[in-house]
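Quick mapping for you: the protein sequence lines, in order, are chains A and B. Its first residue numbered 1, the first sequence is counted upward by one per residue in my numbering. Its first residue numbered 1, the second sequence is counted upward by one per residue in my numbering.
FYI, nobody ran anything at the bench for these hints, they're computed from the structure. Beta carbons: idealized from backbone N, C-alpha and C, even for Gly. Check before you lean on any hint, since a few could be wrong.
Interface residues of chain A toward chain B, partial, derived using beta-carbon atoms under 10 Å [claimed, not checked]:
| id | residue |
| --- | --- |
| 1 | H74 |
| 2 | T77 |
| 3 | L269 |
| 4 | E323 |
| 5 | W393 |
| 6 | Y395 |
| 7 | S398 |
| 8 | E399 |
| 9 | I427 |
Now the in silico label distances, taken between C-beta atoms and shown as ranges [to be verified]:
| id | chain 1 | residue 1 | chain 2 | residue 2 | range |
| --- | --- | --- | --- | --- | --- |
| 10 | B | L258 | A | E392 | 38 to 44 Å |
| 11 | B | L313 | A | A317 | 36 to 42 Å |
| 12 | B | Q254 | A | A317 | 30 to 36 Å |
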Amino acid sequence: MTAILIRGGQFIDPAAGVDALKDVLLKDGRVAEIAAPGKIKQGEGAEVLDATGLVIAPGLIDMHVHLREPGQAHKETIATGTAAAAAGGFTAVAAMPNTTPVNDSQETTRFMLAPERGAVVRVYPIAAATRGMKGEAINDYAALKSAGAVAISDDGLPILKDNVMREALAAAARVGLTVIQHAEDTRMTQGASMNAGVTAFKLGLRGMRNEAESSIVERDIRLVSELRDARAHLHVAHISTAAAMAAVRQARRNGLRVTCEVAPHHFLLTDEHVGDYNTHAKMCPPLRSAADRDAMIEAILDGVVDAIATDHAPHAAHEKEVEFERAPNGIIGLETALGLSLSWLHKEWKMPLGRVLSLLSAQPAALLNLKGRGTLTVGSIADVVVFDPKAEWTYKASEGKSKSKNTPFDGWTMQGKVRWTISEGRIAYGA
Amino acid sequence: MNLTAPVRRTLHTPPVAASPSPYHPGSLLSVEDLTIEGISHILRRATALENEDPLTRTRILAKRRIALLFYESSTRTRTSFELAAKSLGADTTLVSSLSSSIEKGESLKDTGLTLRALGAEAIILRHANSGAPWLLEAETRLPVLNGGDGMHQHPTQALLDLRAMLAHLRPGVETVTAETLAGVTVSITGDILHSRVARSNMLLLPKLGARVLLCGPTQLLPELAAQAGPGIEIERDFEAALRQSQIVMMLRIQAERLAGLQLDLEEYKAAYQLNGERLKAHAPEAIVLHPGPIIRGLELTSEVADGPQSVILEQVRHGVAIRMAVVERAMMAAQGGRA
């Protein structure tokens, strides 16, 4: 395997607490050497990437994406989804199980991991918590883990029944996996297509109340508390309300293993961005009030949030060009997460660069227990992103790598442009 | 990690982009798009067209094509739009969801593009989904007249209600200002939550200075309705609302949109039904409006519907005049000029 020498960049590895000018040598899919600029001797024959003025950081990890394969290849495939990931600086993505069929078996998990899928970055399947994601019978987590699953979730749907959720948390804890919950009491959100509030009232749309999210988060935290001795780990997906965030904050104060992620759209946008029924601003959980959005920002800055995850949810154009209430939920996010995070969390809201990168790499790697990823020390896997932190660019969805273009961020100007994404020692994306 | 109460910071956040719609100056999607001058123009043209010689009138839009696209049933709106368009000489064609390719699954976008290809220069749309006219307009770029979308808006209904109110309160006034309805209280009572008529009126009438009083039980009238715009208040006590009103607008309970909401109709009638006794005791001078269809014996009694204070059938007549004006406005803009 060829070697790659990345020269003269600002090397940031939040997990190791390093932020300095370094050269990095990648060899045989691993980090071979990290040294002061010009000090690496064994670099002969290596492909040289000049990173002067650029940041060298661990490849980003998105713990919440929908790659749509198997079964919904008109929206996205593992090949196109991972190409979008690479373009966004991601070297690993965790794929949710709401495919067709649902990923609740070793066969489907192995299908997703097969080389024929053409993944250009590492794919980590997340297996369904219950058979067919019906919320009734829990799956065989040990078998799913041995096939390659890194977490358990019925994402897109909640696990509503207390006894099923308790059983899922306990069974997952026994095999060392996390249960990722899509917190939505669907009994309260029937027919609703956006956040409840004045905007929904004015638009004549039925609204989803905050309690539909927070009540499930509170119930789940209670279950984790009951299963404290079993070391059950709950991860709340795409948290969006101040009330749910307050519950997570309190659970952490009580020492429970409760973690959470926030999507860029939930720390940037509000329900007013639905505008005149823009279906590219329709997702679940929905865009919330300004107070909720501000609570997401506060929690990220305070360190209560463990990861930024995109909930990348591709849909074909014709599926979104319909009446708002009939449009499917979800937006794509892999190609904009870094730019949005750098532009707003770092530049605008002054979060240190290392902490922003940690939310996008080291912390999700730790949550999913991905060994050798999310950090760059000698011997770790050669997953690297090299980006220009100063470069301004305008995102054009039509030029994106994802098969779908459903995003509210089309035309947004962002700061921070990916130059190279290196996955396991190979250049997966270069601009 | 800081686990104490979060410190409130004042943060700059991404602005909400200005709406690109309506794309077409002839469209009427929401009363919010209308300026006071725009409202005056429609009111003046309604009267002028109503008084025009019928034969002269048919030359205004002679042989021009207008499609009526109706995904929901309608008597008043469909018929009056059709009569209005025909009075101006236009050819109209009706496409309804039960006798077209919509039944076969054709999308709103494709139906709109098909109508455009068939020569439609404007589309009048009624649809069960809020916001459908925005989609149709964005995809076809034709002038679209919103004939009622879900629970959202029914702009021509609000305009005809306004014309009916003016006829009684400000006879002869066509050019309106921000003060035309100053001092006037309009109560709207009933199923506000599911009503596009309520939303349209509560956003239109305060532009002209009216005070809108919303009345109904919390299941049908959420507290946040008062924040929808300026000049909107909530009064839960129906008789107190009546006592303050020069205009009493009653709404139907929309059984088709209740979506599982449980409502005790006897209790509802006891608190909110407009009967002759209540009207006489609390609003003897007011006029009574109802957008129809009325359910006699539920939100109001026959005694009121057919009584001297009722202007329900006058509203229907105003509907034809208003719709002539907005159809003309759409088609003049379609030709290139801003009517």
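Quiz item: Of the numbered hints stated previously, which ones are contradicted by the structure, given in increasing order?
Solution: Structure breaks hints 1, 2, 5, 6, 7, 8, 9, 10 and 11.
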